[in-house]
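Input sequences plus hints: build the corresponding full structure.
Residue 21 is where the sequence shown starts when you use the working numbering, and the numbers rise one by one after that.
Mixed in with the good hints there might be a few duds.
Quick list of in silico lysine to aspartate or glutamate cross-link-like pairs, EDC-like style, CA-CA up to 20 Å [stated by the list, open to error]:
no.: 1; residue 1: K69; residue 2: E110
no.: 2; residue 1: K941; residue 2: E894
no.: 3; residue 1: K284; residue 2: D123
no.: 4; residue 1: K69; residue 2: D126
no.: 5; residue 1: K684; residue 2: D723
no.: 6; residue 1: K941; residue 2: D931
no.: 7; residue 1: K218; residue 2: E228
no.: 8; residue 1: K69; residue 2: E119
no.: 9; residue 1: K198; residue 2: E208
no.: 10; residue 1: K968; residue 2: E883
no.: 11; residue 1: K284; residue 2: D435
no.: 12; residue 1: K941; residue 2: E981
no.: 13; residue 1: K218; residue 2: D233
no.: 14; residue 1: K941; residue 2: D960
no.: 15; residue 1: K69; residue 2: D123
no.: 16; residue 1: K198; residue 2: E228
no.: 17; residue 1: K187; residue 2: E201
no.: 18; residue 1: K968; residue 2: E874
no.: 19; residue 1: K69; residue 2: D121
no.: 20; residue 1: K968; residue 2: D697
no.: 21; residue 1: K369; residue 2: E336
no.: 22; residue 1: K284; residue 2: D252
no.: 23; residue 1: K369; residue 2: E407
no.: 24; residue 1: K903; residue 2: D939
no.: 25; residue 1: K369; residue 2: D382
no.: 26; residue 1: K903; residue 2: D873
no.: 27; residue 1: K137; residue 2: D57
no.: 28; residue 1: K369; residue 2: D332
no.: 29; residue 1: K800; residue 2: D787
no.: 30; residue 1: K968; residue 2: D897
no.: 31; residue 1: K137; residue 2: E99
no.: 32; residue 1: K69; residue 2: D130
no.: 33; residue 1: K69; residue 2: E155
no.: 34; residue 1: K800; residue 2: D740
no.: 35; residue 1: K198; residue 2: D214
no.: 36; residue 1: K187; residue 2: E155
no.: 37; residue 1: K968; residue 2: E908
no.: 38; residue 1: K137; residue 2: E222
no.: 39; residue 1: K218; residue 2: E185
no.: 40; residue 1: K198; residue 2: E222
To be clear, the hints were calculated from the coordinates, so they are not data collected in a lab.
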Amino acid sequence: MPDNVSSQAEKAGIDRDHLTQMFAHAPGFMALLVGADHRFELTNPNYQKLIGHREVVGRTVAETLADAVDQGYLDLLDEVYRSGEPHRAEGALYAVQAEPDGDVVDCYVDFVFQPLKDASGQVWGIFIQGADVTERHQAAEALAISEARYGALFAAMATGFCVIEMKFDETDRPVDYKIVEGNQAFEEMTGLVDPYGKWVSEIAPGLEQHWFDLYGGVARTGQPARFENPADIFGRWYDVQALRIGQPGAWQVAILFNNITERKQSEARQNALLELNDAIRDLTDPGEIAQASAQVLAQTMGVSRAGYGTVDTVGETITIERDFNQPGVTSIAGTLAFREHGSYIEDIKRGETVTIADVALDPRTSATADVLKRISAGSFVNMPLMEQGRVVAMVFVNHATARHYSDSDLRLMRDVAERVRMATERARSEAALRDSEAQFRVFAQATPNQIWASWADGSMYWFNPQVYAYTGSSQGDLDGAEGWIQNVHPDDLDRVSQAWSRSLASGQVYETEFRVRRHDGVYRTFMVRAEPVHDEEGRITRWVGSNIDIEELRSQSAELARFNETLEDQVAERTAALMQAEEALRQSQKMEAVGQLTGGIAHDFNNLLAGISGSLELITNRIAQGRYGDVERFTAAAQGAAKRAASLTHRLLAFSRRQTLDPKPTDPNRLIRGMEDLIRRTTGPGVHLEVVASTGLWPVLIDAHQLENAVLNLCINARDAMPDGGRLTIETGNRWIDARTAKAQDLDPGQYVSICVSDTGGGMAPDVAARAFEPFFTTKPLGEGTGLGLSMIYGFVRQSGGQVRIYSEPGQGAMICLYLPRHHGAVDEGEAVPEVEQAPRAQAGETVMVVDDEPTVRMLVAEILHELGYQCIEASDGAAGLKLLNSEARIDLLVTDVGLPGGMNGRQMADAARLERPDLKVLFITGYAENAVVGNGHLDPGMHVMTKPFAMEALGSRIRELIES
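Put into structure tokens, the structure is as follows:
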């Protein structure tokens with residue numbers, strides 16, 4: 021120690037040896053610096069360890085500790101020496117580099133630079149004392165990182181988490197808990213804002229006691245708990261895991277939970293719907309179905325009342341036949357006026373669901389709150405039911421006190437309403453089916469012919485009494501797949517079984533002849549015919565057949581044949597007369613068989629199965645009863661009428677064509693159904709039209725337009741034959757023509773489809789009928805007929821491989837039948853016209869130009885284009901349209917009428933536009949036939965035609981198709 025230092029130490033009463041000993045044994049690091057240049061006088065081992073055991077005693081800080089100088093510690097020493105004020109630091113970083121270019125070791129230190137002064141107050145040195153706290157700092161830093169990670173995880177958890185501290189009363193009963201901490205998910209799932217440090221009794225008063233009991237049990241016993249519980253105060257269900265944390269006496273519980281409200285509500289809805297299905301499965305009365313559904317709805321939602329009523333929006337009333345009420349709640353069945361209970365009728369008229377949680381607070385009911393509360397409707401939901409865009413009924417729930425109705429409650433109400441609608445429709449359909457079957461059984465038992473029925477697989481299950489009377493069998497003997505075989509003649513059995521198997525496999529009408537044994541053992545020949553019955557999806561569900569005894573007819577035919585042979589040998593001069601008699605007999609036999617079979621059994625039975633309930637009567641009855649559930653189904657026919665009118669217009673245009681035959685697979689029944697409106701208009705109100713369409717009718721290969729012409733001409737002739745009115749019948753059927761009959765009819769043997777038009781007029785004399793097909797032959801007054809109608813029909817049918825026959829007697833009316841060869845291919849069903857909402861939308865910027873001189877048509881086309889997202893450019897004549905087409909405007913498609921004013925028609929405008937726009941796509945819309953539009957049927961590529969009138973939605977789909985083509 022230098023003299024000046026020793027002198028200063030001695031003055032301070034410090035022995036140098038003692039000071040050195042103190043330095044050596046100090047727990048921390050120590051150093052003594054003297055002079056303004058901070059020369060090391062003493063260091064202890066801990067200081068040497070800190071600085072890397074560098075030799076510093078007798079040398080200055082600047083000379084020995086370059087790393088400390090670089091880190092500013094020399095500046096701090098200078099400041100302490102100058103000011104005489106000590107400097108303290110905690111956790112200061114000292115990056116130790118014991119050797120130049122050596123490793124750098126980060127140390128953290130707590131230290132004090134204490135100035136040493138003489139008696140005059142002059143600083144003569146600095147005492148350094150401190151501790152190496154590197155390990156403590158590293159531990160603190162690791163803890164901070166861990167806590168940061170925990171905090172991030174805590175905040176990011178989707179599961180709710182909180183720590184609570186339980187509170188027990190003097191009886192050790194859990195009565196409250198304080199929320200110590202929690203994450204964001206906790207706040208979101210409970211709706212609590214800044215709840216930390218607060219007791220739950222303050223921030224969620226009314227929380228159920230079971231929460232305190234469950235958490236208290238975990239805090240007291242240390243046993244974890246997992247449970248699902250509702251919290252009515254929050255209106256939610258929770259899935260909870262709870263476990264004790266900390267010391268047992270701290271009463272702290274950590275809670276993890278998820279909001280399972282939606283799952284619980286879904287389960288409740290599903291359970292309610294299952295209960296509803298069980299309750300209404302066997303019910304057949306619509307009132308009982310509605311009552312059962314109201315009970316399920318009220319009990320599931322926990323409301324005072326539920327029910328269903330019909331709504332009169334004009335009278336602003338609801339009529340409730342029955343409602344379900346909880347014990348102590350009075351029924352409100354009867355007719356109630358909406359205005360007496362609030363102003364919410366305006367919402368109901370718009371088809372909006374009215375949900376009122378508190379009638380006293382809602383402005384729509386606050387003025388009538390007392391009235392509503394008197395009928396236990398302190399809160400309610402009124403859900404209107406719509407049909408054809410009109411409110412017709414309402415499902416409602418009432419509760420005596422204020423309560424919240426969730427989205428789940430509303431979904432349950434909608435689901436229940438839909439199931440009730442379906443169950444009611446099922447009950448009504450089953451009732452109609454029972455009535456239909458009852459009437460069929462009466463009919464089948466009353467007819468003299470034999471009637472039977474089988475399942476789709478050919479297993480017989482029902483016969484009328486005439487079958488049992490003929491065969492002598494007991495009821496049940498003929499049931500099954502083979503019971504009926506025992507009565508078939510052995511020689512006919514294989515042929516009959518094979519034909520039956522083919523019909524079962526193909527679904528084609530079963531038609532054959534075979535011998536059936538009578539109860540006395542005698543076999544008689546029967547004409548047997550069966551037709552399949554289909555469900556709504558076209559699947560065969562059963563077969564219904566009839567047996568007609570034709571034994572007498574066959575005997576008469578055989579006798580006549582023998583008589584003709586003898587007569588031809590004996591009386592040559594009477595050959596022509598005998599042939600005529602034979603022809604007449606054959607025609608009579610055919611007429612009798614066809615009339616009995618198709619008119620007497622198959623047609624009437626199928627009509628009974630298909631239409632017994634009567635749509636119009638149901639509409640009238642249900643409107644009168646306020647039961648509107650099924651009216652939509654029947655009134656939908658009105659929408660079809662507009663489409664049939666458009667079809668009729670197109671058909672009228674088609675009748676004016678003259679062209680070569682264009683045979684295509686055609687369904688005659690569909691063709692005739694499509695002509696009904698035209699025929700009724702043509703024949704007038706004095707003629708009653710009846711169409712007897714055979715089910716399972718075979719298709720034919722024919723020119724459909726020419727066939728329409730032929731049928732229409734026959735109907736016009738029939739009308740003219742009944743000047744005072746009468747009955748006009750169009751009947752179709754499948755016909756098997758054998759070799760003998762085919763020879764007489766001048767046809768090839770095989771399968772044919774017959775189309776017969778009959779009237780109740782004056783009929784034809786034989787000589788008139790014989791000449792009816794001759795060209796220019798007519799019985800009409802001069803100027804009223806050309807005599808070409810039947811001749812043209814005859815030539816068309818013969819060219820198509822068929823035949824035409826007249827059956828008539830004076831005073832007995834006439835029937836003209838067309839026999840057309842059966843076609844074994846399929847008939848094109850045609851594409852359904854899509855609804856407006858089904859029409860594809862426009863792509864961005866697509867533009868359609870519309871040219872039409874009729875403002876209404878132009879407006880309607882533009883409107884549908886705007887609805888579908890197209891840009892629309894309009895013009896009223898060809899010149900204006902061409903000017904726009906020659907501009908730079910984007911035009912993806914031109915839609916134009918053909919007959920335009922101004923000297924330029926639509927075709928001319930389109931051709932001129934294509935000089936500048938060669939790829940322009942064009943759609944002609946016209947009221948004329950296509951050939952008139954395009955000039956003898958020639959259309960350039962990219963040009964298409966639609967004939968007016970057409971459905972707007974069909975136009976939208978066609979435009980999309982053409983733009984994308």
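Hints and how they fare:
1. Restraint check: the Cα-Cα separation between K69 and E110 comes to about 19 Å, which is no more than 20 Å; the hinted pair holds.
2. Under the criterion of a C-alpha separation no larger than 20 Å, the hint pairing K941 with E894 is consistent with the structure, at around 16 Å.
3. The suggested pairing of K284 with D123 is violated, with an alpha-carbon distance near 65 Å, which exceeds 20 Å.
4. Only pairs whose Cα atoms come within 20 Å are accepted, and K69 paired with D126 is accepted, the gap being roughly 13 Å.
5. As the CA atoms of K684 and D723 are separated by approximately 6 Å, the hinted pair is consistent with the 20 Å bound.
6. Between the alpha carbons of K941 and D931 the distance comes to roughly 11 Å, so the proposed pair stays at or under 20 Å and holds.
7. As the CA atoms of K218 and E228 are separated by approximately 17 Å, the hinted pair is consistent with the 20 Å bound.
8. For the suggested pair K69 and E119, the alpha carbons sit about 14 Å apart, so the restraint of at most 20 Å is met.
9. Between K198 and E208 the alpha-carbon distance is near 18 Å, which keeps this suggested pair within the 20 Å criterion.
10. A distance of roughly 17 Å separates the Cα atoms of K968 and E883; the hinted pair therefore holds under the 20 Å criterion.
11. Distance restraint check for K284 and D435: the Cα-Cα separation of roughly 16 Å lies within the 20 Å cut-off, and the hinted pair is therefore satisfied.
12. Proposed proximity of K941 and E981 is supported: the alpha carbons are some 11 Å apart, at most 20 Å.
13. With a CA separation close to 19 Å, the supplied pair K218 and D233 stays within the 20 Å bound.
14. With a C-alpha separation of about 10 Å, the suggested pair K941 and D960 falls inside the 20 Å cut-off, and the hint holds.
15. Distance hint between K69 and D123 is fulfilled; the C-alpha atoms sit about 15 Å from each other, no more than 20 Å.
16. Using a Cα cut-off of 20 Å, the hinted pair K198 and E228 holds, with the two alpha carbons roughly 15 Å apart.
17. Pair hint K187 plus E201 holds up; C-alpha atoms about 16 Å apart against a cutoff of 20 Å.
18. At most 20 Å may separate the alpha-carbon atoms for a hinted pair to count; K968 and E874 meet this at roughly 12 Å.
19. A C-alpha spacing of about 19 Å is found between K69 and D121, which places the hinted pair at or below 20 Å, so the restraint holds.
20. Proposed proximity of K968 and D697 is supported: the alpha carbons are some 18 Å apart, at most 20 Å.
21. Between the alpha carbons of K369 and E336 the distance comes to roughly 9 Å, so the proposed pair stays at or under 20 Å and holds.
22. In summary, the hint linking K284 to D252 is supported, as the alpha carbons are separated by about 13 Å, within the 20 Å threshold.
23. For the proposed pair K369 and E407, the alpha carbon gap of about 12 Å is at most 20 Å, so the pair holds.
24. Of the supplied pair hints, the one linking K903 and D939 holds, its CA atoms being roughly 17 Å apart against a limit of 20 Å.
25. Under the criterion of a C-alpha separation no larger than 20 Å, the hint pairing K369 with D382 is consistent with the structure, at around 19 Å.
26. For the suggested pair K903 and D873, the alpha carbons sit about 16 Å apart, so the restraint of at most 20 Å is met.
27. Only pairs whose Cα atoms come within 20 Å are accepted, and K137 paired with D57 is accepted, the gap being roughly 16 Å.
28. For the proposed pair K369 and D332, the alpha carbon gap of about 10 Å is at most 20 Å, so the pair holds.
29. Restraint check: the Cα-Cα separation between K800 and D787 comes to about 15 Å, which is no more than 20 Å; the hinted pair holds.
30. In summary, the hint linking K968 to D897 is supported, as the alpha carbons are separated by about 18 Å, within the 20 Å threshold.
31. The straight-line distance between the Cα atoms of K137 and E99 is roughly 15 Å, inside the 20 Å bound, and the hint therefore holds.
32. With a C-alpha separation of about 15 Å, the suggested pairing of K69 with D130 holds against the 20 Å cut-off.
33. For the hint pairing K69 with E155, the CA-to-CA distance comes to about 15 Å; that is within 20 Å, so the pair holds.
34. Pair hint K800 plus D740 holds up; C-alpha atoms about 9 Å apart against a cutoff of 20 Å.
35. Among the hinted pairs, K198 with D214 is consistent with the structure: their alpha-carbon atoms are about 12 Å apart, no more than 20 Å.
36. As the CA atoms of K187 and E155 are separated by approximately 41 Å, the hinted pair breaks the 20 Å bound.
37. Straight-line distance between C-alpha atoms of K968 and E908 comes to about 31 Å, which puts the hinted pair past the 20 Å bound.
38. Pair hint K137 plus E222 does not hold up; C-alpha atoms about 63 Å apart against a cutoff of 20 Å.
39. Between K218 and E185 the alpha-carbon distance is near 10 Å, which keeps this suggested pair within the 20 Å criterion.
40. With a C-alpha separation of about 10 Å, the suggested pairing of K198 with E222 holds against the 20 Å cut-off.
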